[in-house]
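Trainee: What follows is each chain in one-letter form.
Number of protein chains: 2
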Amino acid sequence: MAIKEGLRPGGRSARVQESIHSAVRELLEKQERSTVTVPQIAVRAGVTPSTIYRRWGDLSTLLADVALARMRPDSEPANTGSLRGDIRAWAEQYLDEMSSEPGRTILRDVQCSATPGFCVSIISGQLQIILERYSDSSEMLPSVDRLINMVVAPTVFRILFSAAPLAAGELHQLIDIALHQ
Amino acid sequence: MAIKEGLRPGGRSARVQESIHSAVRELLEKQERSTVTVPQIAVRAGVTPSTIYRRWGDLSTLLADVALARMRPDSEPANTGSLRGDIRAWAEQYLDEMSSEPGRTILRDVQCSATPGFCVSIISGQLQIILERYSDSSEMLPSVDRLINMVVAPTVFRILFSAAPLAAGELHQLIDIALHQ
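Line by line, the protein sequences give chains A and B. To convert, note that position 170 of the first sequence is 170 in our numbering; the numbers rise steadily by one, no gaps. To convert, note that position 111 of the second sequence is 111 in our numbering; the numbers rise steadily by one, no gaps.
You may find that some hints are simply not true.
[What the hints assert, rightly or not] Cβ-to-Cβ under 10 Å is the rule here; a few derived chain A residues that face chain B:
(1) Tyr53
(2) Arg108
(3) Val152
(4) Ala163
[To be verified] Capping the alpha-carbon separation at 25 Å, the derived lysine to any residue pairs in SDA-like fashion look like this:
(5) Lys30(A) / Ser60(B)
(6) Lys30(B) / Asp58(A)
(7) Lys30(A) / Leu59(B)
(8) Lys30(A) / Asp58(B)
(9) Lys30(B) / Gln111(A)
(10) Lys30(B) / Gly57(A)
(11) Lys30(B) / Ser60(A)
(12) Lys30(B) / Lys30(A)
Hints in this document: simulated from the structure, not taken from any laboratory. All values reported here derive from a predicted model rather than from experimental measurement. Note that CB positions come from ideal geometry on N, CA and C, so glycine has one too.
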């Protein structure tokens, strides 16, 4: 089942969705995620379980939807005045957020969603904003894909599969390699 | 609970483990993984559920253990006569295997294991074998970490999070960047 996007803010449907999302977030703060159930979420959100099943199909799709919503950034990437500075600031914040316990949970849930590619779209959007700031400069700009492969991928891979996340020095080195072509 | 390693091959314990691993592999071929249960595995393997619980603690640890065992390569990386050739051959095979449906399942299960870092140890071992072949050459050798960050990480990240895995051309380009320093 596809993740539902583009609901009009403030509509009845958006309010129901927000109350269900809040219920999930609150429950996940209190208890192990493997113990969270649809009926529990429904009670807390003041809806019937069938409202949840109708909209999301199953629990893992709902959890993935909540994870994607939390992944969506609150603001534009910081503008430090240089391409390298902007990429560093963005990547440091991303590493920081994703290596936290809630960040790891988001990464796992997103993979189980019907649209894991949506996570890359969000990241691409942020990186594109940064690159557009410097589109008039004489600097050779890397492609978004290059930044994803060389900066985002090692950040996420190390969080999910390695004993330790990337160190700041390693992250900076990868950014330097991605920017030099 | 830690993944059990280093059991003596052929021992009683190893035979029990192998029959439980086989039972899991067979069940996963026949049915959705979310429907596989410990009692089912026990019946198929001819053991009691408590044998499984005693050894692995829970189902997700057992599934992760089976996934790690499948990840362990059958043989040394191919020796093509050049560093670039060996890395390419290894990385192409890795991309190919991991982007298959069983490969994706392995990647997901390993993340849920108590020792996801073990997956990086296996990969590091393979890359180390390749690098050692060329340790006497005048070539500047990349570190294993550099190869993991710049070749393995984008391979895995794109499989898990993107709409499409790396194309062969992209993979070759990343290898070239990792080898030039």
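Trainee: Each hint should be assessed against the structure and marked as holding or not.
Mentor: Right, here's what the structure says about each hint:
Interface hint status for tyrosine 53(A): violated, as the beta-carbon distance to the closest one in chain B is roughly 16 Å, over 10 Å. Because the beta carbon of arginine 108(A) sits about 6 Å from the nearest beta carbon in chain B, less than 10 Å, this interface hint is met. Here the hint on valine 152(A) is kept, as its CB sits about 7 Å from the closest CB of chain B, short of 10 Å. Contact between alanine 163(A) and chain B, as hinted, is supported at the beta carbon level, the nearest pair being about 4 Å apart and thus within 10 Å.
Straight-line distance between C-alpha atoms of lysine 30(A) and serine 60(B) comes to about 22 Å, which keeps the hinted pair within the 25 Å bound. With a C-alpha separation of about 22 Å, the suggested pair lysine 30(B) and aspartate 58(A) falls inside the 25 Å cut-off, and the hint holds. The suggested pairing of lysine 30(A) with leucine 59(B) holds, with an alpha-carbon distance near 23 Å, which does not exceed 25 Å. With a C-alpha separation of about 22 Å, the suggested pair lysine 30(A) and aspartate 58(B) falls inside the 25 Å cut-off, and the hint holds.
Our distance criterion of 25 Å between C-alpha atoms is met by lysine 30(B) and glutamine 111(A), whose separation comes to about 23 Å. With a CA separation close to 23 Å, the supplied pair lysine 30(B) and glycine 57(A) stays within the 25 Å bound. For the hint pairing lysine 30(B) with serine 60(A), the CA-to-CA distance comes to about 22 Å; that is within 25 Å, so the pair holds. Pair hint lysine 30(B) plus lysine 30(A) does not hold up; C-alpha atoms about 36 Å apart against a cutoff of 25 Å.
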